[in-house]
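Spelled out, the chains give:
Number of protein chains: 2
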Amino acid sequence: MEGQYATLKDVAERAGTTAATVSYILNGSTKRYVSEDMRRRVEAAAKELNYVKSSAASSLKGKKRKIIAVLVPQFANQMFTELVLGVERVADRYGYILSICNTFDDPQRELEIIKRMQGQRVDGYIITPSKDGGKNTRQIRKIGVPMVVVDRLLNISEDYFLVSAQNYESTYMAAEYLLKRGHRHIAFIGWKADFGGLERREQAYRTILGEYGVTGEDQIVYNGEFTEESGEELTARALAEHPEITAVLYAYNIQARGGVDFLSRKGIRVGQDLSVLIIGAPDWVQTGNNHFTCVDLNGTGMGIMAAEMLFDIINNDQPIAPYQKVQEATLKEGDSVCQL
Amino acid sequence: MEGQYATLKDVAERAGTTAATVSYILNGSTKRYVSEDMRRRVEAAAKELNYVKSSAASSLKGKKRKIIAVLVPQFANQMFTELVLGVERVADRYGYILSICNTFDDPQRELEIIKRMQGQRVDGYIITPSKDGGKNTRQIRKIGVPMVVVDRLLNISEDYFLVSAQNYESTYMAAEYLLKRGHRHIAFIGWKADFGGLERREQAYRTILGEYGVTGEDQIVYNGEFTEESGEELTARALAEHPEITAVLYAYNIQARGGVDFLSRKGIRVGQDLSVLIIGAPDWVQTGNNHFTCVDLNGTGMGIMAAEMLFDIINNDQPIAPYQKVQEATLKEGDSVCQL
Numbered sequence: 027m028e029g030q031y032a033t034l035k036d037v038a039e040r041a042g043t044t045a046a047t048v049s050y051i052l053n054g055s056t057k058r059y060v061s062e063d064m065r066r067r068v069e070a071a072a073k074e075l076n077y078v079k080s081s082a083a084s085s086l087k088g089k090k091r092k093i094i095a096v097l098v099p100q101f102a103n104q105m106f107t108e109l110v111l112g113v114e115r116v117a118d119r120y121g122y123i124l125s126i127c128n129t130f131d132d133p134q135r136e137l138e139i140i141k142r143m144q145g146q147r148v149d150g151y152i153i154t155p156s157k158d159g160g161k162n163t164r165q166i167r168k169i170g171v172p173m174v175v176v177d178r179l180l181n182i183s184e185d186y187f188l189v190s191a192q193n194y195e196s197t198y199m200a201a202e203y204l205l206k207r208g209h210r211h212i213a214f215i216g217w218k219a220d221f222g223g224l225e226r227r228e229q230a231y232r233t234i235l236g237e238y239g240v241t242g243e244d245q246i247v248y249n250g251e252f253t254e255e256s257g258e259e260l261t262a263r264a265l266a267e268h269p270e271i272t273a274v275l276y277a278y279n280i281q282a283r284g285g286v287d288f289l290s291r292k293g294i295r296v297g298q299d300l301s302v303l304i305i306g307a308p309d310w311v312q313t314g315n316n317h318f319t320c321v322d323l324n325g326t327g328m329g330i331m332a333a334e335m336l337f338d339i340i341n342n343d344q345p346i347a348p349y350q351k352v353q354e355a356t357l358k359e360g361d362s363v364c365q366l
Numbered sequence: 027m028e029g030q031y032a033t034l035k036d037v038a039e040r041a042g043t044t045a046a047t048v049s050y051i052l053n054g055s056t057k058r059y060v061s062e063d064m065r066r067r068v069e070a071a072a073k074e075l076n077y078v079k080s081s082a083a084s085s086l087k088g089k090k091r092k093i094i095a096v097l098v099p100q101f102a103n104q105m106f107t108e109l110v111l112g113v114e115r116v117a118d119r120y121g122y123i124l125s126i127c128n129t130f131d132d133p134q135r136e137l138e139i140i141k142r143m144q145g146q147r148v149d150g151y152i153i154t155p156s157k158d159g160g161k162n163t164r165q166i167r168k169i170g171v172p173m174v175v176v177d178r179l180l181n182i183s184e185d186y187f188l189v190s191a192q193n194y195e196s197t198y199m200a201a202e203y204l205l206k207r208g209h210r211h212i213a214f215i216g217w218k219a220d221f222g223g224l225e226r227r228e229q230a231y232r233t234i235l236g237e238y239g240v241t242g243e244d245q246i247v248y249n250g251e252f253t254e255e256s257g258e259e260l261t262a263r264a265l266a267e268h269p270e271i272t273a274v275l276y277a278y279n280i281q282a283r284g285g286v287d288f289l290s291r292k293g294i295r296v297g298q299d300l301s302v303l304i305i306g307a308p309d310w311v312q313t314g315n316n317h318f319t320c321v322d323l324n325g326t327g328m329g330i331m332a333a334e335m336l337f338d339i340i341n342n343d344q345p346i347a348p349y350q351k352v353q354e355a356t357l358k359e360g361d362s363v364c365q366l
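From first to last, the protein sequence lines stand for chains A and B.
With the working numbering, you'll find the first sequence wraps up at 366, consecutive numbering, no jumps.
With the working numbering, you'll find the second sequence wraps up at 366, consecutive numbering, no jumps.
Fair warning: there could be bad hints in the mix.
No copy labels: a pair is met if it fits in one copy or bridges any two.
Claimed, not checked - Here are the simulated SDA-like cross-link-like pairs (lysine to any residue), alpha carbons at most 20 angstroms apart as the crow flies: (1) Lys206 to Thr233; (2) Lys92 to Arg142; (3) Lys79 to Arg67; (4) Lys79 to Leu137; (5) Lys79 to Glu138; (6) Lys292 to Asn315; (7) Lys168 to Asn76; (8) Lys90 to Arg142; (9) Lys168 to Pro348; (10) Lys157 to Tyr194; (11) Lys79 to Lys90; (12) Lys79 to Thr33; (13) Lys141 to Gly223; (14) Lys92 to Arg135.
The set of hints was computed from the structure by calculation and includes no laboratory data.
Treat the numbers as computed from the prediction; the structure is a model and nothing was measured.
Given the sequences, and given the hints that come with them, work out the whole structure.
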């Protein structure tokens, strides 16, 4: 037995024959002669024991499991549930199922999951890597298991398959939207993530503000943790330390949630007393009474792109040269930004 | 090779020896004599080929994979992402990882996933079943693989391990909240799901309204599909056909989202012109400008309960008799209900 699962040997024992004969019969082979009596005994034994062939069975060697491992860093972040739904849509067309795992952005956990998935012999990986993603994926890359990186960069020198979000353009677009409406004292609230391409969001903010003549200390940047509490705390500090602020640009949706809850509790009227723009578009941003202007990074689109890239690799007999794609972000207007 | 993965045989070939010897050496056995030279050749070959032991390897027979399969019906439904996070918290303590799969509430897909997970020899299942869940889980139940059902009932006669939400009490509590504030013309908007225990929500509405003398045609029930579009459509119809309505009770958060977006577009002021109460508590319900009174079914709590139940089964040498638990729902007041 393998836990509760019956093995080929268990079936053979019950039918009074060898594992080889059982395998032969259950695989429907007709090359050798097998008596009807033996055939019936083996089939009955398999049925009684509820035998299901292990996907690792030697008779299946070379056959794909048709399982893709998807590693996401934060399950509570709607962008990743959207990404997964996008991947699923494509995987479904090819008859593959997904095995979704949450790494919690923890390098050690990420490594453990990858090792476990290797043991399970999954056919491919779609991964949003932690800061040690390069190191953790070394073995699967060396082996050449199909892999596509999504949303964050991998800190390695070689080329690799990548689908990225528009980290730079999204924030540039958002800050520009505010600047065009007369805002000059704009707080940037973000995450201290100096890895994976995410630092491009702050860079875009600083660059375009500079283009509009807002430089030095007039660039108001607060970076913290990737939590709602941090978003609230940074918002409170920004407004207290810089009462001249007319707009807040939240670079991450998780922090934004804490921030807008704070504003609501303080009775600050968004779109009137203070303008708000959010990078990211989880449900709450534009539902019910919420009509926050936001930039949707299009997680579903990223997922679809990544899966199509992965199946391009999987279904190709020859190895293909790594290539990269970018999912375009979309600004979605709401009523949270006023003209100054 | 198994796809890209090197097998024991590949390593043996490269090292110029047998698979048995390779297995012996890599498992660190010291019972037989092996020359240092052979040991070095095998270790070098394994390293060159990036060999990772298949979790199905015979040397690991009897050992657990330490993987739990979690089957959810709708990834876009935040209650299930909460459930998964709850399960993870517990699984992590036991060193298990989760393999999360979305069944899309499709019986055929659900069956396919279960078969695939059986082939992968996962150690246990946590499943929110489709309407054919009883049939689809028959084989794993017969084998006795640890399994806990969550949120929906399984249509079978035998006992089974179950963690349910308070489908009845949640809706009773919600309707009572409205009735106590003077509302008598309350629309119930729900899903035509006549399976799995979900029909208890409408039953609770009808029961308590009856207790308050609201009977027959004064019980205003609209059932549709589990989509935002349906929520919007049913809301529009209810208000058009029953202008006497003073409150709407949304029994499902997905429909509620469509409904409140419709109300917002029509300029209907929730908490003033119309009261709203929602069963379910996804982020958008109480974030920013949204302060909808709701009943939280506590998906995280359900996940924690289900996982603890599963590990109770897994870690027990003896089979244990199935038992059931109920996760309490919590009413969370907002400002969407006015006193009549």
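Checklist line | Intra- versus inter-subunit Cα pairing at 20 angstroms for Lys92 with Arg142 | finding: Both ways: Lys92 and Arg142 sit 16 angstroms apart in one copy and 9 angstroms across, limit 20 angstroms.
Item checked: Within, between, both or neither, where Lys292 and Asn315 count as close if Cα-Cα is 20 angstroms or less -> Classified as both; 17 angstroms inside a copy, 12 angstroms across copies.
Notebook entry, point to check: What label fits Lys157 with Tyr194 when the C-alpha limit is 20 angstroms: within, between, both, or neither?
Noted result: within (19 angstroms within a copy, 46 angstroms between copies)
Notebook entry, point to check: Given a CA cutoff of 20 angstroms, do Lys141 and Gly223 count as a within-copy pair, a between-copy pair, both, or neither?
Noted result: For Lys141 and Gly223, the Cα distance exceeds 20 angstroms both inside one copy (25 angstroms) and across copies (39 angstroms).
Margin query: If the cut is 20 angstroms between Cα atoms, do Lys79 and Arg67 qualify within a copy, between copies, both or neither?
Written below: within (17 angstroms within a copy, 34 angstroms between copies)
Margin query: One pair to classify: Lys168 and Asn76, alpha carbons no more than 20 angstroms apart. Within, between, both, or neither?
Written below: between (38 angstroms within a copy, 7 angstroms between copies)
Checklist line | Within, between, both or neither, where Lys90 and Arg142 count as close if Cα-Cα is 20 angstroms or less | finding: both (17 angstroms within a copy, 11 angstroms between copies)
Next item on the list: Have a look at Lys206 and Thr233 and pick one of within, between, both or neither, based on CA distance no larger than 20 angstroms.
Entry: within (15 angstroms within a copy, 57 angstroms between copies)
Margin query: For Lys92 and Arg135, with the copy left unspecified, which applies at a CA distance of at most 20 angstroms: within, between, both, or neither?
Written below: between (24 angstroms within a copy, 14 angstroms between copies)
Note to self: If the cut is 20 angstroms between Cα atoms, do Lys79 and Thr33 qualify within a copy, between copies, both or neither?
What the structure shows: both (8 angstroms within a copy, 19 angstroms between copies)
Margin query: At most 20 angstroms between alpha carbons: which applies to Lys79 and Lys90, within, between, both or neither?
Written below: The answer is both: 14 angstroms in one copy and 17 angstroms across copies each meet 20 angstroms.
Note to self: At most 20 angstroms between CA atoms: does that hold for Lys79 and Glu138 within a copy, between copies, both, or neither?
What the structure shows: between (26 angstroms within a copy, 14 angstroms between copies)
Checked against the numbered hints given earlier, the structure breaks only hint 13 and satisfies all the rest.
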